[in-house]
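Participant: What follows is the residue order along each chain.
There are 2 protein chains.
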Amino acid sequence: MVRKFVFGEPIETEAVIDQVGIEVLQGGTSFPDQWQVVQAETLTLTHCMEPGERIYGLGESMRGINKRGFRYVSWNTDDPIHTEDKESLYGAHNFLVIQGGVCQGLFVDDPGRVSFDIGFTVLDRLEIRVDSGSANLYVIDGEDILDIVRQFRRIIGRSYIPPLWGMGYGQSRWSYPDVESVREVLRRHRENHIPLDAIYLDIDYMEKYMDFTVSEERFPEFAVIVSEMKQQGIHLVPIIDAGVKMEPGYRTYEEGLEKGYFCRKEDGNELVVGVWPGKTHFPDVLNPEAREWFGNSYQPLMDQGIDGFWNDMNEPAIFYTEDRLLDTFEQLKSFRNTDMDLQEFWRFVGLGPALQNNQEDYTLFYHNMNGTLVRHDRVHNLYGYNMTRAAGEAFDRLRPDQRILLFSRSSYVGMHRYGGIWTGDNQSWWSHILLSMHQMVGLNMCGFLFVGSDIGGFGSNASEDLVIRFTEWGLFTPLMRNHSSLGTVCQEGYAFSRPEIFAHIIGLRYLFLPYLYSEFMRAALQGEMYFYPLAFLYPGDEMACRVEDQLFVGQSMMIAPVYEQNARGRYVYLPEPMKLYRFRSVHEYDTEMLSQGHHYVNCELEEVLVFVRQNGMIPCTWFAEGEQPVNIDSVLKADSLCLMCYASEPIRYTLYRDNGLDKDYTAPGKWVSIETDEDGQVHVSDGNTKILHLI
Amino acid sequence: MVRKFVFGEPIETEAVIDQVGIEVLQGGTSFPDQWQVVQAETLTLTHCMEPGERIYGLGESMRGINKRGFRYVSWNTDDPIHTEDKESLYGAHNFLVIQGGVCQGLFVDDPGRVSFDIGFTVLDRLEIRVDSGSANLYVIDGEDILDIVRQFRRIIGRSYIPPLWGMGYGQSRWSYPDVESVREVLRRHRENHIPLDAIYLDIDYMEKYMDFTVSEERFPEFAVIVSEMKQQGIHLVPIIDAGVKMEPGYRTYEEGLEKGYFCRKEDGNELVVGVWPGKTHFPDVLNPEAREWFGNSYQPLMDQGIDGFWNDMNEPAIFYTEDRLLDTFEQLKSFRNTDMDLQEFWRFVGLGPALQNNQEDYTLFYHNMNGTLVRHDRVHNLYGYNMTRAAGEAFDRLRPDQRILLFSRSSYVGMHRYGGIWTGDNQSWWSHILLSMHQMVGLNMCGFLFVGSDIGGFGSNASEDLVIRFTEWGLFTPLMRNHSSLGTVCQEGYAFSRPEIFAHIIGLRYLFLPYLYSEFMRAALQGEMYFYPLAFLYPGDEMACRVEDQLFVGQSMMIAPVYEQNARGRYVYLPEPMKLYRFRSVHEYDTEMLSQGHHYVNCELEEVLVFVRQNGMIPCTWFAEGEQPVNIDSVLKADSLCLMCYASEPIRYTLYRDNGLDKDYTAPGKWVSIETDEDGQVHVSDGNTKILHLI
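Chains as they are written, first to last, in the working numbering: chain A, 18 to 712; chain B, 18 to 712.
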């Protein structure tokens with residue numbers, strides 16, 4: 018049951034699109050009584066948490082799966098140092114579920130600043146503060162947490178589905194700046210037998226960092242290059258930034274200016290923001306007309322064969338605004354004293370950093386929302402959402418039958434219908450493997466299924482063992498991309514001393530893909546999770562509820578990645594008996610039966626652990642001896658499957674299969690039933706699907 | 018067996034003080050052949066690590082107990098953000114032990130930049146680079162790692178021993194800026210029954226941040242305040258910084274200038290460095306005369322009753338040098354363009370941060386080392402060592418019979434004889450509990466025994482549960498101090514919702530203190546470790562060697578702190594059967610017998626786990642019912658002990674006992690033998706020690 022409580026004068030975010038069956042109530046009089054509601058300048062909800070209560074959700078945020086013990090602030094922020102104390106990352110996903118005495122979901126639908134103090138300031142107090150004082154609050158009651166998630170997913174609409182090649186392995190770096198470097202990336206992957214489906218182009222493919230342009234010098238005859246790559250089974254995926262460079266003669270700039278589609282200040286002039294290219298304007302993607310125009314701007318690249326994009330810098334990130342920069346130049350003039358004590362020195366060195374993502378700058382410009390001017394800070398968290406929506410809506414118009422790869426850095430609930438996300442500029446830190454696992458749960462809960470973190474870490478230098486372990490986790494995330502920053506060591510699999518390990522473990526992605534894709538589609542089409550924490554599947558098992566470093570992928574497969582350096586094993590808790598597969602490549606593995614309870618399980622650097630649940634079945638690609646996956650075609654063209662099974666009785670799995678390209682997800686024949694009988698024989702409902710092996 | 022290999026023209030660091038029995042060899046011809054040595058402009062040692070080899074040591078540095086997988090750079094650095102990727106912290110401790118096929122210790126005695134790439138750049142390659150090209154390399158062979166550590170400890174001399182009250186609980190904050198705030202800290206600890214022995218004074222007690230001064234406004238009649246506190250069982254411990262303020266009329270400045278005791282530039286002028294007080298000079302503590310003079314400057318504070326100090330900013334930290342600041346002002350003038358692209362913008366915002374601890378600034382000044390001018394960067398890592406040595410040597414002169422509390426932020430091997438260290442500006446991060454555990458091992462190996470980390474974390478805001486868990490670890494570290502930064506939430510035990518938990522767990526410090534102090538003294542006097550990783554005690558147990566989050570305190574007690582938020586238990590590996598004590602206060606606990614192997618052990622937020630080894634005995638203070646420790650007197654005046662025991666046969670423990678103040682450590686009667694007989698009766702060799710209870 019979903020109830021909507023309207024407080025104040027909420028902004029319509031279009032996060033919730035299906036209002037059918039939702040009871041609408043005004044204000045807080047009938048609000049559930051486990052909450053104290055105070056409505057003044059801000060709207061504050063307070064709840065006293067029982068010792069055993071756990072709080073789940075909040076999408077992409079720091080800390081654990083259970084969000085207790087920290088303060089989270091929904092305020093989309095470009096901050097590349099994701100240490101434990103960071104309150105805001107790139108997305109705003111104000112959905113949480115309390116699991117304890119009661120089980121209740123809450124979605125705080127407000128696009129301004131919203132904070133969640135979950136036992137941080139006071140051990141047992143959960144306090145939610147909506148700075149604007151207005152919000153639509155959706156309260157969801159249900160049988161259990163999965164039921165609540167399903168109800169929430171129903172009202173926010175179906176999650177974005179990528180082309181299947183977008184779930185292949187992708188290699189990225191800031192940057193592969195020219196056609197030669199791109200060709201080398203492909204060549205070296207193939208030479209080292211590392212499968213590859215996509216190469217990502219970071220900002221340097223553009224001409225002067227101008228959106229929708231391609232450098233003629235570094236990528237001459239771009240369409241030919243795109244086609245050359247596609248013939249070799251590789252998709253090029255360029256980045257698109259939020260800021261449009263102020264450059265006379267540049268079409269996007271001239272058009273946006275002429276049509277009044279850029280964000281303006283109170284004085285009517287366009288806001289001037291410094292980002293990669295120097296001075297830019299922000300397209301007003303909250304204005305439906307401007308959104309349509311900006312979305313159409315993707316077309317020229319698509320006409321050159323591009324079928325995937327990633328949208329960046331759309332919090333929106335600000336290096337500086339022209340006005341503040343001028344003011345800073347002025348202020349700097351006053352510093353001429355060389356005898357600065359700490360306070361003065363801090364003021365001095367703080368001036369530069371204060372230019373970046375300055376909170377005041379977000380109050381200086383306006384959006385035209387259906388004729389009403391709304392100050393940016395009131396709707397800050399909608400910007401990335403609507404930039405990606407611009408692209409997603411355009412793709413539906415321009416390529417109605419084709420799936421286009423699309424993911425974004427910044428997001429808000431609702432954007433999950435138009436694209437996926439990556440978790441932004443993480444670091445080459447061991448702790449970021451575990452953080453990534455935690456983030457997936459919150460993201461799945463609010464509909465973000467096509468998600469992944471930069472494998473190996475974006476910032477800092479990565480060591481070989483870190484990238485291996487990170488890949489061993491990343492091979493289960495729907496978006497599987499290795500990405501790293503300018504100025505860090507190269508972290509492509511072939512850059513290290515043992516590329517064969519990368520070939521083997523990335524190969525496993527293609528082995529598991531029939532199951533992973535099927536579970537992704539089940540989650541998207543039926544409002545399920547893709548990653549489940551153990552607490553969601555075994556809510557009555559106190560120990561299972563404590564586990565923060567194991568996840569289910571779908572409901573048959575449990576994973577327990579190693580995320581500690583030098584570890585050659587780890588502890589695992591099994592809520593029920595399971596069969597452990599320890600993989601070294603698509604051809605090499607061993608198995609072990611494990612009882613319910615605690616185990617220390619060995620796991621060498623080159624090994625990947627997969628646990629199959631009782632009566633679980635995991636259909637995989639069948640690779641003949643000596644055969645290695647090359648790209649997604651190795652999965653699509655494989656004419657048979659093998660099954661990982663743990664069954665003592667007849668079992669059944671329903672597999673989703675299609676060509677990975679078309680959008681007619683509900684056409685008959687997509688779901689294939691695979692059953693084993695009493696004699697261990699396998700029966701398939703679809704004549705085209707051959708089962709060769711039980712492994 | 019210790020061999021000394023002399024490469025190039027090493028600087029004498031006085032880290033090694035006992036050369037007896039050391040074979041001295043020139044250069045690398047006879048260097049152990051598991052190393053490839055290349056001597057050119059730099060000195061490079063390379064070793065190919067076997068898969069099973071583990072590398073221990075490197076003192077205070079990031080990452081695990083086993084140092085494999087990262088690059089560490091010995092270059093003392095004031096950097097408060099201790100993320101996984103930081104190569105340099107505050108200390109330089111170039112001692113490591115390889116444990117694997119061979120077991121061998123290596124001390125790279127050079128005070129310039131030395132880097133240790135331990136499988137970071139290439140998975141199996143250990144590469145040590147000494148930038149200067151010169152070093153004394155001490156190679157130590159022995160039976161096992163403990164034997165190697167003992168040999169190393171013998172040649173570097175006995176570790177610093179603090180007064181016993183310095184091992185009581187201390188409360189610190191930047192800052193308790195006046196006498197009223199100090200009184201309040203004491204009052205609120207007593208009101209909440211939280212034991213306390215020391216209150217630390219950060220920089221604001223001084224007049225304009227001038228070393229050895231006290232603000233007359235905020236601490237009028239300082240000697241009276243010191244005495245008032247001491248009467249209530251509290252020691253005040255002021256901070257001393259490296260930089261001496263340039264202030265006409267200020268005695269330390271005038272004297273230093275007159276005698277030429279400050280570091281000078283090539284042109285003969287004193288280097289001008291901006292730190293807390295604005296412009297300062299660095300005392301040249303590498304010049305023996307200047308060192309003596311600087312040490313004597315502590316006397317006025319001691320004359321006012323002060324008997325403990327902490328030395329800070331002695332890497333030495335530089336906010337700016339006057340010359341570079343002037344140059345920066347000039348450079349800033351050239352930035353007037355508001356259309357800065359990323360490169361130009363980065364140059365602009367980088368100018369401020371580049372002032373701080375700029376590497377070039379460390380090449381601009383000189384030390385007078387016994388008449389020879391040595392450029393600072395050649396001996397950089399000796400600065401903090403010699404500042405603390407200045408104090409330590411002065412204390413020996415000024416108070417030959419009294420132990421003075423002393424610890425430092427920056428250090429080099431050798432400084433362990435003069436004072437302890439704290440691990441600098443850590444953060445209120447859960448990961449920093451584990452980091453602190455890891456750091457203790459490396460520090461103990463090279464003689465730093467009086468060590469601890471800021472409990473609760475220095476930077477960032479701490480939550481109550483973090484500070485509780487941090488305290489539960491910190492109560493085992495010889496230096497046990499809660500400290501936090503300006504601008505963060507208060508993190509004294511009484512600042513939270515459940516101060517009784519703090520009272521209880523800090524009380525445990527005083528319960529365990531007879532054992533902790535005894536193990537500390539054993540480690541100091543006999544060259545043992547205080548904290549042992551399991552790998553050192555069970556080198557043949559492969560699983561024990563993998564454990565990175567349990568430690569032995571002495572050889573009878575194993576601890577396994579909880580360092581994960583919301584955890585209510587954790588995994589523990591026992592290399593042999595042990596008896597688990599689960600403490601909730603000095604009076605409340607339960608016990609459990611655990612078999613050898615893996616266990617998941619429950620541990621509620623207010624609980625502390627202590628494991629007693631087979632035939633282990635842990636003498637504790639006996640507190641009668643209703644009695645709570647108040648400060649160190651509660652331990653010293655307790656006339657009886659209780660024993661935690663796990664024995665099936667007669668066992669014996671040798672306990673060190675003294676008044677915690679005098680320095681005659683080898684006088685007879687300090688070591689007391691406690692034995693149990695076949696009937697479980699306890700016999701004590703010293704008539705003054707009463708054993709009341711076996712618990």
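These aren't lab readings, by the way, just hints derived from the structure by calculation.
Certain hints may be false.
Copies of the same chain look alike in the list, so a pair counts if it fits in one copy or across any two.
[Claimed, not checked] With a straight-line Cα cutoff of 20 Å, these simulated DMTMM-like cross-link-like pairs (lysine to aspartate or glutamate) come out: (1) LYS687 x ASP344; (2) LYS282 x ASP356; (3) LYS247 x GLU26; (4) LYS707 x GLU517; (5) LYS103 x GLU306; (6) LYS350 x GLU339; (7) LYS282 x ASP378; (8) LYS350 x ASP340; (9) LYS103 x GLU347; (10) LYS350 x ASP161; (11) LYS350 x GLU238; (12) LYS225 x ASP164; (13) LYS276 x ASP320; (14) LYS103 x ASP656; (15) LYS654 x ASP378; (16) LYS707 x ASP134; (17) LYS707 x GLU306.
Participant: Does each hint hold? Answer for all of them.
Facilitator: Hint check:
1. LYS687 x ASP344: Neither, since 61 Å and 69 Å both go past 20 Å.
2. LYS282 x ASP356: Result: close only across copies, 18 Å inter versus 39 Å intra.
3. LYS247 x GLU26: So LYS247 and GLU26 fail the 20 Å test inside a copy (50 Å) and across (61 Å) alike.
4. LYS707 x GLU517: neither (30 Å within a copy, 66 Å between copies)
5. LYS103 x GLU306: neither (36 Å within a copy, 48 Å between copies)
6. LYS350 x GLU339: both (17 Å within a copy, 17 Å between copies)
7. LYS282 x ASP378: within (10 Å within a copy, 44 Å between copies)
8. LYS350 x ASP340: Cα proximity of LYS350 and ASP340: in one copy and across copies (16 Å, 18 Å).
9. LYS103 x GLU347: The answer is neither: 31 Å in one copy and 35 Å across copies each exceed 20 Å.
10. LYS350 x ASP161: Result: close neither inside a copy nor across copies, 62 Å intra and 63 Å inter.
11. LYS350 x GLU238: neither (48 Å within a copy, 43 Å between copies)
12. LYS225 x ASP164: Answer is neither; intra-copy 49 Å and inter-copy 63 Å both fail.
13. LYS276 x ASP320: neither (24 Å within a copy, 78 Å between copies)
14. LYS103 x ASP656: Close neither inside one copy (48 Å) nor across copies (50 Å); limit 20 Å.
15. LYS654 x ASP378: Classified as neither: same-chain Cα gap 53 Å, cross-chain 63 Å, threshold 20 Å.
16. LYS707 x ASP134: For LYS707 and ASP134, neither the intra-copy (53 Å) nor the inter-copy (51 Å) Cα distance is at most 20 Å.
17. LYS707 x GLU306: Neither, since 50 Å and 87 Å both go past 20 Å.
Hint compliance for this structure: hints 1, 3, 4, 5, 9, 10, 11, 12, 13, 14, 15, 16 and 17 are broken, all remaining hints hold.
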